[in-house]
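Peer 1: Protein chains in written order, with this note's numbering: chain G, 1 to 309; chain E, 1001 to 1243.
Please keep in mind that the hints were generated in silico from the structure rather than gathered at the bench. Cβ coordinates follow ideal geometry from the N, Cα and C atoms, glycine included. Heads up, some of the hints might be wrong.
[Said to hold, decoys possible] A short, non-exhaustive set of chain E residues, derived as facing chain G with CB atoms under 10 Å:
hint : residue
1    : 1003
2    : 1014
3    : 1015
4    : 1040
5    : 1043
6    : 1075
7    : 1077
8    : 1082
9    : 1084
10   : 1125
11   : 1190
12   : 1192
13   : 1206
14   : 1210
15   : 1239
16   : 1243
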Amino acid sequence: MASVVFEALSKQFGPVRAVDRLSFEAQGGRVTGFLGPNGAGKTTALRSLLGLVRPTAGRALVGGRLYAQIDQPWRTVGAVLDAASANPGRTGRDHLRVIATAARVPASRVDETLDRVGLSDAAGRRVGGYSTGMRQRLSLAAALLGDPEVLVLDEPANGLDPEGIAWLRNLLRGFARDGRTVLVSSHVLSEVSQTVDEVVILSHGTLRFAGSLDALGDGSVTIRSASVERLAALLVERGCEVRTLSRDMLEARGCTAEEVGRLAAERQIALSGLSDAAASLEAEFLRLTGAEASSPRPAGAASRRITMG
Amino acid sequence: MRTLIRTEVLKLRTVRWPWVLFMAQIGLVILGVSGYAIARGDQPIDAQVALGHVGLTSLFALVLGLMAVAAEFRDHTITDTFLVTPRRERVIGAKLVVYTLLGLAFAIVTAAVALAVTAAWLSARGASLDMGSAAVWNTIVGAVLWDTGFAAIGVSVGALVPNLTLAIVAGLSWIALVEGLVAQVIGSGLARWLPMAAGQALEGLSIPGRELLSPWAGGLVLAAYAVVLGALATVATLRRDVT
């Protein structure tokens, strides 16, 4: 199965080091989220992987080969890098026919993929009249034309409505279930946290974290209540690990926010605040990519497969 | 390579602008020949000069070529093009072949239209077009080759300057203005070797006060421009980061 491997890849644009010795692996059967704020170097890294940008040092491989060395690469790797990439005067179907012809993909795949992304009805219309979401779907259709082993998507959720995001999630999950590799970038963790298995976090061109999503967040629930002591005792009884943060604040592990809320309701304990693991994920993401993370340092102990170049 | 040529042909067939450009080219040549004939008044129409207007459409041939690469950068389709075909030199090669041949085809039709319009004006004045004249054929064939060369040059310039607006402004201002100004600076002896002058030389017209190469030399010079620019465009395209 073709995995994606970055090996100490760097890219310098004039005085700007856009990507600095980036190393990580995206494996088959997993959806890997490639996260970082805008300008972190995600797009440059992905474009280097796909042979569009020449790295200053290091390399990135797909299935052990440089992209440019793959014969008929569109049948191995499908990519969406720029959702606006279509001639506005061409119809959606013709846009895909052009790519299918160049990629030597059977013409029958055009209508199949249009159907798969739900654009069959709009296929005969010029792309100039498409909405942003429709253009995203068209780009995805182009990426799926060659029935690839590897999908590389740069901010695919931009412009998609909630229904579209759910649809995309199912598509990517299904792709990974088939054992294929998905590398998907986003600047918003919450957008992909329900989709990804693995997380790679980039900030200022430098790797901050690479590991499973579970390893990123500590899975803790933060609780605010006037009766912390009573609640803490009840939670310990239920097998939760509890730490008192302040006079009215608790941190619990090993139980979900829902369980804490239900328990508090049963025992008629008033809660003044309850935040779950998703919030702690977001907090960790912001901490890793925020100002305090601007000096390079190794990622947390829970992280795996990190090789700082 | 055959796949890439088929792809480029499909790209051209699925948009409308090539036909708009073609119709404009035909319109321009009808206007040019007729304008000349009307301006002659009672004086006889020189068929060679009338047909020489075909060479003016080299402007459209240049724009046609410029669109090949630069329009893909404008629409960001160049990303998909290079993802599907990482061998970028093949993409440039296919575009050079297809757009040069399309420039040739447009020019042949334009020349045929020019012949018909010229013949019509001549017969209206009681004269006739001498199709056996070697000079007339020199002008027709020369003008067609001028267009063809400019289509090829356009593809390369568009690859060197992938900003479409900038490429078109630069290309058209060279034709309309800059080459003339450069000619004044370097003198008429050297100015014969500039691209527009080489194209004009191909038509074999004797223009008073104008120093031109022979048609053969003009053709070779134009071909040399196309080859050198094609090589530069290929190298630049291979080195470019597509961001």
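Peer 1: Now, for every hint given, state plainly whether the structure supports it.
Peer 2: Hints, verified against the model:
no.	hint	in the structure
1	1003	6 Å, holds
2	1014	4 Å, holds
3	1015	5 Å, holds
4	1040	41 Å, violated
5	1043	46 Å, violated
6	1075	5 Å, holds
7	1077	5 Å, holds
8	1082	6 Å, holds
9	1084	5 Å, holds
10	1125	43 Å, violated
11	1190	37 Å, violated
12	1192	40 Å, violated
13	1206	44 Å, violated
14	1210	41 Å, violated
15	1239	8 Å, holds
16	1243	6 Å, holds
This entry does not satisfy hints 4, 5, 10, 11, 12, 13, 14, going by the numbered hints stated previously.
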